[in-house]
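*Asks:* Below, each chain spelled out in residue letters.
There are 2 protein chains.
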Amino acid sequence: MKSIREIAKLSGVSTATVSRYVNKTGTVSQEKAKSIQAVIDKYGYVPNEHVKAIFTGRTKDIGLIVQNVTNPFFSELVDGIMKVSTKAGHTIIVCNAMGDEQKELEYYQSMQKKRVSGLIVVNTCNPGIYKANTIPLTSVDRRIENSNFIKVENELGISQFLNTYNARTFKKPLFIEATNYNQSSIERKKGAETYFALANIRLDEAKVDDQNTQVSEVVIDNLIDNDLIICWNDLVAHKVIAGLTKRGIKVPEDISVIGYDNIQINNFFAYELSTIDQDISQIAKVAVQTLLETIATNNINDIVIKQKLIAGNTYKHKK
Amino acid sequence: MKSIREIAKLSGVSTATVSRYVNKTGTVSQEKAKSIQAVIDKYGYVPNEHVKAIFTGRTKDIGLIVQNVTNPFFSELVDGIMKVSTKAGHTIIVCNAMGDEQKELEYYQSMQKKRVSGLIVVNTCNPGIYKANTIPLTSVDRRIENSNFIKVENELGISQFLNTYNARTFKKPLFIEATNYNQSSIERKKGAETYFALANIRLDEAKVDDQNTQVSEVVIDNLIDNDLIICWNDLVAHKVIAGLTKRGIKVPEDISVIGYDNIQINNFFAYELSTIDQDISQIAKVAVQTLLETIATNNINDIVIKQKLIAGNTYKHKK
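Heads up: the protein sequence lines correspond to chains H and C, in order. Take 1 as the starting number for the first sequence in the working numbering and just add one per residue. Take 1 as the starting number for the second sequence in the working numbering and just add one per residue.
Derived from the structure by calculation, the hints contain no laboratory data. None of the values given here were measured: they were computed from a predicted structure. Warning: the hint list may mix true and false statements.
Put simply, identical chains are the same to the list, so a pair is met inside one copy or across any two.
[To be verified] No more than 20 angstroms apart at the CA atoms, straight line, and that leaves these computed lysine to aspartate or glutamate pairs for EDC-like: (1) K246 <-> E272; (2) K318 <-> D227; (3) K32 <-> E272; (4) K306 <-> E106; (5) K250 <-> E272; (6) K60 <-> E272; (7) K131 <-> D41; (8) K83 <-> D100; (9) K250 <-> D227; (10) K60 <-> E187; (11) K87 <-> D100; (12) K319 <-> E187; (13) K60 <-> D302; (14) K83 <-> E106.
Let's have the full structure, built from the sequences with the hints guiding it.
*Replies:* See below:
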């Protein structure tokens with residue numbers, strides 16, 4: 001592939017003329033256009049995006065910082081965000097911070113060096129990372145100052161499910177939360193706590209690592225005396241159901257299990273998981289839309305995403 | 001944030017001096033260094049990576065073209081490639097071509113404009129897209145000319161499984177392949193065909209879309225007369241097992257089911273899927289290593305990844 005200088009020399013015109021022609025930024029005589037195109041057809045030439053980035057001071061790139069791409073919730077969200085932003089002519093640069101604050105900071109700095117036109121940050125480890133940020137930003141799940149904020153009604157989602165399906169008929173409910181800091185897990189737990197406190201029922205607790213989502217055999221052994229297991233996400237719920245099934249315990253006849261997210265992978269199980277649908281494709285769409293608006297107008301917005309209860313067949317209230 | 005010109009003006013030095021200082025490309029007097037750093041501390045400055053990209057003619061970016069990030073096989077591979085390349089100081093730009101040749105071509109052109117230092121292409125829709133390619137490239141699953149090639153022994157994997165676990169005891173085996181062009185699916189099917197042809201047993205066929213991996217109820221209804229279902233990947237196997245379970249058919253007592261990949265999500269099911277382990281983290285590691293070698297030395301390599309049989313408990317040969 002030839003450089004713009006070589007193309008100019010071979011066409012017998014100036015580099016400025018080649019630039020006007022390939023970037024469509026000005027008029028070029030028909031004769032010159034023809035000779036430039038002939039050279040490009042023969043030797044090949046692809047414009048260098050970095051030149052444009054320097055003169056315009058910006059790119060069409062959007063940095064997307066997430067915590068764990070192997071978690072289906074994040075990979076579905078990444079997929080959705082890519083689809084919407086590609087349509088709008090933007091490239092997504094995915095940064096997988098893996099719940100590590102230092103890594104997230106390094107990715108943020110790397111995005112600054114790349115002069116991305118915007119950032120989408122999902123479930124940040126620490127909003128303080130973006131304290132002095134001047135890049136248009138949309139934050140999902142956890143508020144970052146001076147940025148768009150997409151809130152998922154985690155607390156309300158859980159308490160609505162419990163209230164709608166009469167969870168006060170259970171005697172020994174338990175909530176499994178994430179070990180490391182996770183805003184969604186905290187809010188979902190709060191929803192369950194509030195509901196059961198009002199019903200005067202004690203809520204037991206267990207914890208699992210939110211990066212690998214492994215639920216150890218010890219955790220399973222410790223929850224077989226409970227009658228309702230509320231899991232902070234769907235993957236944990238599947239792991240609990242697998243553990244109970246291996247022990248000959250029936251779901252929901254013996255123990256009811258609830259998840260959260262309604263990830264696509266739920267379709268691959270023989271049971272229909274009782275869960276709360278996050279509308280991941282809607283989050284993706286709104287994340288890109290709000291960001292593009294901020295890029296264009298500097299306006300910022302707060303958006304709340306509505307959720308949907310999925311009754312499923314892993315939950316059955318007591319008589 | 002200030003530009004390099006503003007930093008230079010405020011420090012009372014030339015932009016060339018600021019550049020030498022921040023990029024560590026030459027010596028700067030202690031006095032000047034001190035005054036530049038004071039200005040940066042006060043106003044903030046992040047070097048513009050695009051300037052470096054133009055002068056050096058390359059970036060530290062690697063373009064990663066895959067077909068479907070919501071498929072756990074791809075998301076695990078993306079995760080592995082990100083981990084290895086981040087350690088080597090490279091940024092990964094993920095392109096989700098979704099099995100669409102036109103989209104893959106557009107992504108390739110976009111990576112050229114970005115002057116990425118290398119490309120990793122997983123399961124390309126059409127190797128012809130890269131016919132005139134001059135960027136260092138590693139291809140996984142399907143060969144691209146003048147590039148590193150990481151081959152997974154799909155055909156051997158299936159035939160070894162069938163041979164090791166005595167599949168000639170089945171009377172009515174069936175293979176479920178991908179509808180659209182998919183090199184892995186084709187090779188895996190060939191492995192099963194070869195094995196059963198030698199045993200003089202007819203192999204039935206069914207097809208599923210490899211983008212959404214939905215196995216319709218009609219497909220399930222049509223395979224309940226078979227005694228062994230070999231699925232081109234694990235997700236299809238899970239869907240088949242869910243469908244059979246809902247119909248009261250026992251796996252493996254009534255029908256045996258085999259998958260392929262050994263994705264992490266398999267840990268979330270109550271059964272242990274019988275499958276062939278692709279060693280996804282090894283593929284990721286070798287993909288990055290071979291690419292970095294090509295970038296440094298122009299050498300290209302062919303690498304074969306060894307697989308491992310997972311006996312599991314969804315397969316049981318007949319007496």
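*Asks:* Any of the earlier hints contradicted here, and which numbers?
*Replies:* Numbers 3, 4, 6, 10, 12 and 13 - these are the hints that the structure violates, sorted from lowest upward.
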